[in-house]
Amino acid sequence: MNLNALWAYANPKKFIQATDRVLPWISILAVLSLVVGLVWGFFFTPEDYRQGSTVKIIYLHVPSALMAINAWLMMLVTSLVWIVRRHHVSALAARAAAPVGAVMTLIALATGAIWGQPMWGTWWAWDPRLTSFLILFLFYLGYIALWEAIEDDDTAADLTSILCLVGSVFALLSRYAVNFWNQGLHQGASLSLDKEENVADVFYYPLLVCIAGFVLLFIALVFLRTQTEIRARRMRALLARERMG
Amino acid sequence: MIALLIRDLRLAMRAGGGFGLGLAFFLIVVTLVPFGVGPQSDLLARIAAGILWLGALLACLLSLDRILALDWEDGSLDLLATAPLPMEAIVSIKALAHWLTTGLPLVLFAPVFGLLMNLPEAGYKPLVLSLLLGTPALSVIGTFGAALTVGLKRGGLLLSLLVLPLYVPTLIFGAEMARRGVEGLDITTPMLMLAGITCGTIALLPFASAAVLRVNLR
Amino acid sequence: MVLNVSDLTIARGGIKVLEGISFDLAPGGAIVLRGPNGIGKTTLLRTIAGLQPPHSGRVDADPESLVYAGHSDGLKATLTVEENLVFWAQVFGNTDISKAVKSFQMARLVNRPAGMLSAGQKRRLGLARLLVTGRPVWILDEPTVSLDADAVAMFASAVRAHLARGGSALIATHIDLGLPEAEMLEVGPFRARAAELDDFDEAFL
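Residue numbers (my numbering), protein chains in the order written: chain A, 1 to 245; chain B, 246 to 463; chain C, 464 to 668.
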């Protein structure tokens with residue numbers, strides 16, 4: 001496939017046309033896989049011999065935590081594209097993804113607290129993973145606040161992109177610093193390529209479906225929100241043109 | 246470049262409070278903590294290193310918006326941008342001036358505040374060393390935040406929101422180094438990490454700050 | 464030519480304000496930009512000074528030859544007149560401020576803090592800054608704001624002396640500076656037409 005063809009979708013109009021065509025399908029698929037994954041996970045998997053039924057929150061916790069990080073990675077990539085190639089859609093996609101990522105982080109934190117209460121006997125512990133997610137949430141807040149604070153759209157895009165780059169480096173640093181600072185309660189990664197460490201198969205397959213559902217949901221939301229941002233931006237441009245007379 | 250540094254230091258002295266304000270704030274934090282947690286000296290001794298680091302960080306934060314905002318308002322930044330100095334040098338000098346007026350006094354007076362907090366004797370050297378190594382990073386990171394928010398009317402609160410998450414690694418390693426010193430443990434690892442972060446930010450962050458400032462001057 | 468502007472289009476906040484501007488500035492030459500408020504003179508000067516990128520077109524000049532003076536003078540209220548001038552001289556790699564002090568008759572004021580000066584005196588100090596930079600091309604945005612008639616004459620003679628030394632000046636102003644040798648450039652005709660409303664592409668208009 002010719003990768004250069006991809007840049008055509010950096011044109012706002014093309015982007016809206018293309019996403020309009022796929023958006024309904026992605027939304028339907030997202031709802032479908034979420035319903036299937038969650039129903040399968042909640043009602044048709046055995047209870048864990050140690051954790052009982054509380055283990056089932058994994059079907060919300062793991063996918064949201066995954067998306068919280070991947071949303072930031074997506075913002076990092078789109079910010080880089082904006083800095084290098086100056087495609088407005090790219091900057092607006094980063095802007096659109098930030099609140100979604102922030103909410104995913106919040107879901108991961110909240111479900112983690114609900115899971116942690118019966119398991120560890122506490123809603124919150126200053127465990128490295130929990131702390132990293134809290135810090136990630138702060139990064140999201142700062143990023144969103146900076147977008148909101150600056151009036152000129154291009155200036156805001158430039159500044160937030162650089163903040164995203166610098167923030168990524170510091171987020172990574174914080175991750176290691178936090179690991180060094182406190183050894184945690186949190187179990188190892190639920191998913192990895194190494195089969196030995198993975199959760200058991202019965203939990204694994206519905207979990208994969210849920211993750212697919214969250215990914216699709218994220219894509220659908222980002223497409224929708226990017227369209228909204230493009231139209232809002234277009235509206236501001238038209239108003240400014242009006243004022244010019 | 247020296248001229249800019251001298252001017253900034255002179256301004257800090259003339260304006261009164263350039264040097265003193267951060268220190269006074271530090272003193273207030275240290276005074277308030279025992280009111281908050283109680284006067285037991287063993288408790289204070291245990292949290293002293295962390296409180297002193299937190300106080301230094303907040304005192305630093307307090308003066309960040311002045312790094313660039315004044316030069317922005319009176320047009321000096323426009324003129325400096327067209328001067329032969331590269332923007333990277335300007336932001337580095339600004340950060341250095343901020344450190345000399347805020348960070349360095351905090352480092353020098355930290356032992357005095359340590360006394361107030363019942364800091365155990367073994368803790369003084371690691372505390373001062375950790376502040377000496379860590380506060381330059383606070384100034385450099387703060388300058389980046391100041392550059393991001395320089396054009397905004399109400400940038401102060403946003404500045405804190407942007408800068409504080411960036412301060413996390415420095416604070417963790419700095420406070421960890423001071424705490425280990427108090428407990429008589431080996432401080433090499435956090436010290437090296439702290440020094441690494443400071444060197445890294447001094448070397449790389451001015452490029453980001455300069456880029457951001459150029460965007461804001463447009 | 465010390466400054467060559469060709470087919471320049473400038474934008475403010477993403478909207479084109481002036482388009483198709485071309486002119487040349489020769490050593491010893493001066494150009495006065497005229498036009499109503501808000502037309503984009505300041506944006507044009509900032510673009511030429513290199514503070515913001517042009518929308519399209521070219522500005523050819525050695526960036527090391529330009530010096531820009533905007534609406535604010537970049538003065539520190541707590542520093543004296545002399546300290547302010549010496550600072551800017553050093554930033555531009557010079558040391559001598561005596562000529563600037565003399566041209567703008569500031570000898571009596573050198574030890575006074577800039578914060579104690581009147582508005583007109585501050586402006587004079589801001590303009591004296593141009594002389595200490597030692598750069599040949601002056602880019603001035605409304606240099607005569609808050610100057611009295613005497614000071615305007617002082618400014619005009621400083622510009623004339625600068626031109627006589629082979630320097631050049633690009634000045635945006637509303638009043639008559641008494642510089643007959645300067646070329647006039649009305650920027651009104653270059654006002655950008657609103658973009659066609661058909662298809663929106665990268666720039667949203």
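Calculated from the structure, these hints are not laboratory results.
Note that the coordinates shown come from a computational prediction; the quantities given were computed from them, not determined experimentally.
Even glycine gets a Cβ: it sits at the ideal position worked out from N, Cα and C.
Errors might be hidden in some of the hints.
If you want the footprint, here are the derived chain B segments under chain A, 3+ residues with CB under 8 Å [what the hints assert, rightly or not]: (1) 279-293; (2) 307-317; (3) 447-458.
Cβ pair distances, simulated, as ranges [claimed, not checked]: (4) LEU250/B to SER581/C: 29 to 39 Å; (5) ASP487/C to LEU106/A: 31 to 41 Å; (6) ASP487/C to ARG231/A: 42 to 52 Å; (7) MET464/C to GLU318/B: 54 to 64 Å; (8) LYS14/A to PRO516/C: 19 to 29 Å; (9) ARG86/A to ASP639/C: 38 to 48 Å.
Cut-off 25 Å, straight-line C-alpha distance, at most; resulting in silico cross-link-like pairs (SDA-like, lysine to any residue) [unchecked claim]: (10) LYS398/B to SER519/C; (11) LYS398/B to GLU148/A; (12) LYS398/B to LYS13/A; (13) LYS398/B to ALA156/A; (14) LYS585/C to ASN363/B; (15) LYS398/B to ASP559/C; (16) LYS585/C to PRO279/B; (17) LYS398/B to ILE144/A; (18) LYS398/B to GLY501/C; (19) LYS398/B to HIS534/C; (20) LYS398/B to ASN179/A; (21) LYS13/A to LYS565/C; (22) LYS13/A to PRO599/C; (23) LYS398/B to LEU514/C; (24) LYS565/C to ALA314/B; (25) LYS398/B to SER535/C; (26) LYS14/A to VAL55/A; (27) LYS585/C to ARG425/B; (28) LYS585/C to ALA290/B.
For each hint, the structure was consulted:
As drawn, the stretch 279-293 of chain B meets chain A at 0 residues by the rule of a beta-carbon pair under 8 Å; below three, the given contact is violated. With 0 residues carrying a beta carbon less than 8 Å from a beta carbon of chain A, the stretch 307-317 of chain B misses the three-residue requirement, and the given coverage is violated. With a threshold of 8 Å between beta carbons, the proposed coverage of the stretch 447-458 of chain B by chain A holds, since 4 of its residues qualify and at least three are required. For the hinted restraint 29 to 39 Å between LEU250/B and SER581/C, the CB-CB distance of approximately 30 Å keeps it satisfied.
A C-beta distance of roughly 60 Å is found between ASP487/C and LEU106/A, which places it outside the suggested range of 31 to 41 Å. Between ASP487/C and ARG231/A the C-beta distance comes to about 44 Å, which sits within the given range of 42 to 52 Å. A hinted range of 54 to 64 Å for the beta carbons of MET464/C and GLU318/B is inconsistent with their spacing of about 36 Å. For LYS14/A paired with PRO516/C, a C-beta distance near 26 Å keeps the hint of 19 to 29 Å intact.
Under the hint 38 to 48 Å, the C-beta atoms of ARG86/A and ASP639/C, about 43 Å apart, fit the expected range. Of the pairs offered as hints, the one joining LYS398/B and SER519/C is violated, with about 30 Å between alpha carbons and a cut-off of 25 Å exceeded. Of the supplied pair hints, the one linking LYS398/B and GLU148/A holds, its CA atoms being roughly 13 Å apart against a limit of 25 Å. Restraint check for LYS398/B and LYS13/A: the C-alpha separation of about 34 Å exceeds 25 Å, so the hint is violated.
Proximity of LYS398/B to ALA156/A is assessed by CA-CA distance (about 15 Å); at most 25 Å being required, the pair is judged to hold. Annotation: proposed proximity of LYS585/C to ASN363/B is violated, straight-line Cα distance about 53 Å (limit 25 Å). Between LYS398/B and ASP559/C the alpha-carbon distance is near 38 Å, which puts this suggested pair outside the 25 Å criterion. For the hint pairing LYS585/C with PRO279/B, the CA-to-CA distance comes to about 50 Å; that exceeds 25 Å, so the pair is violated.
Simply put, LYS398/B and ILE144/A have alpha-carbon atoms about 17 Å apart, close enough for the 25 Å limit, and the pair holds. Taken as a hint, the LYS398/B and GLY501/C pair is honoured in the structure, with Cα atoms around 22 Å apart against an allowance of 25 Å. Pair hint LYS398/B plus HIS534/C holds up; C-alpha atoms about 19 Å apart against a cutoff of 25 Å. Proximity of LYS398/B to ASN179/A is assessed by CA-CA distance (about 38 Å); at most 25 Å being required, the pair is judged violated.
Pair hint LYS13/A plus LYS565/C does not hold up; C-alpha atoms about 61 Å apart against a cutoff of 25 Å. As the CA atoms of LYS13/A and PRO599/C are separated by approximately 47 Å, the hinted pair breaks the 25 Å bound. Only pairs whose Cα atoms come within 25 Å are accepted, and LYS398/B paired with LEU514/C is accepted, the gap being roughly 21 Å. Of the pairs offered as hints, the one joining LYS565/C and ALA314/B is violated, with about 32 Å between alpha carbons and a cut-off of 25 Å exceeded.
Taken as a hint, the LYS398/B and SER535/C pair is honoured in the structure, with Cα atoms around 18 Å apart against an allowance of 25 Å. In summary, the hint linking LYS14/A to VAL55/A is not supported, as the alpha carbons are separated by about 44 Å, beyond the 25 Å threshold. Proposed proximity of LYS585/C and ARG425/B is contradicted: the alpha carbons are some 55 Å apart, above 25 Å. Between the alpha carbons of LYS585/C and ALA290/B the distance comes to roughly 55 Å, so the proposed pair goes past 25 Å and is violated.
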